[in-house]
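**Student:** Could you put together the complete structure from these sequences and hints?
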Amino acid sequence: MPLEPDSQSGRAVQPLKIAICGPADLSLLKPLLDGEGPPTPGYAAAIISRLALALHDRGHEVSVVTLSPHTIDAGDYSGERFRLLVATMRPRLRWVDAFRFERRTVTELLGKTQAQVVHAQWSYEFALGAFASGLPTVTTLRDWGPAVFRFHRDHYRLVRLAMQMRVLRVAPQLTANSAYLATTAQRWARAPISVVPNGFGFPEEMPVRVEPTQPVIGSLANGFHRLKNTSTLIEAFALLRQKYPLATLRLAGQGHESGGKAELWARERGLTEGVEFIGYVAGLDVPAFLAGLTVLAHPSRSESMAMALVEAIRAGVPVVAGKNSGGVPWVLDEGQSGVLVDINSPTELAGGILSLLDNDAERNALRQRAFNDLSERFGIDKIVKLYEEQYETALRRASADNR
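Residues 1 to 403 (the UniProt record's numbering) make up the sequence shown, in order.
These aren't lab readings, by the way, just hints derived from the structure by calculation. Ideal placement from N, C-alpha and C gives every residue a C-beta, glycine not left out. Check the hints yourself; a few may be wrong.
Stated by the list, open to error - Beta-carbon label-pair distances, calculated as ranges:
(1) E108 x S355: 45 to 55 angstroms
(2) L395 x V170: 17 to 27 angstroms
(3) L239 x A132: 44 to 54 angstroms
(4) R100 x R169: 16 to 26 angstroms
Said to hold, decoys possible - Using 30 angstroms as the maximum straight-line C-alpha spacing, the simulated BS3-like pairs for lysine-lysine come out as follows:
(5) K17 x K112
(6) K323 x K261
(7) K382 x K323
(8) K323 x K17
**Tutor:** See below:
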């Protein structure tokens, strides 16, 4: 049975057998499973799980091939038109052999599926494992290795960078989740890179919010290091409190837990006043975290497509982010959908946040403008149709190669 006609092309899309391989949030996939699923979220990458759910909703037969750091997650789980294959990745020193075990495991698991086409996520072990399967493969770039290595100069990131360059040289079909990433990576790529953004489910109307009585600034960042740049936000918040002494800063994400690296750094400098160190927030709990914010600040120095920004805008929360932070200006429509500042300056970052706190009318106008813009550009229904076109292109290419 064909799916409903694609409104973009006017034609019906045939159901496909699709394998998505990449990091996934296992908890989000449980509604598709018969019986109990894996006990932990695994890699906890929500964007891949949402894509799998959307493709399944479109009538496709979907397999997700992924790895988890937790042995208890490993297994073969299934449901109607859905299969989840989880293996355990090594806990350390994966970089020594360029993730050979993980690459071979991905290849082996893909061989257990009945997939017609593979969608490999990120440009590392999952992509290389997919290529070795011999199946038609679409590869999506979701970060830029040179930018990551710039801020993390270690053996692990160096090997990852080499893996990404290898993927770019051999991948027959590539997409990137932002125009910035596609343009930046194109010179190293064998194939043209199409832009297909991350997709999100937006409500029809922007959520009605009751803002906190006192300003609450929030941040979602995994890792307390130079790339995520949360230290500048902590410094900016200290300046902001000179005008709003009852304001709160809530820091979520790994490295920002109580007693973690962020708190130790702030405590050494006397900058903990008004700061709540929350730490890891599960994907299912992110909406509740965002609901308690007045503004989301995203001080990252480089992003391909910052999911935290889209999550916040989808929840009706205005955002402040970096004007030179990779794909961030593109996501925020060059400042039409968020405040763009120099996030390396605590003064400028504080000023960007204050520009929203000081002007209720502008803050509310920005919320609505951003919601309208991003729901149109990044709605999951639109994005999944773009990927369907990519899958069909991959199958046509494979058919032509086999003639």
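**Student:** Against the structure shown, which of the earlier numbered hints fail to hold, in ascending order?
**Tutor:** 8
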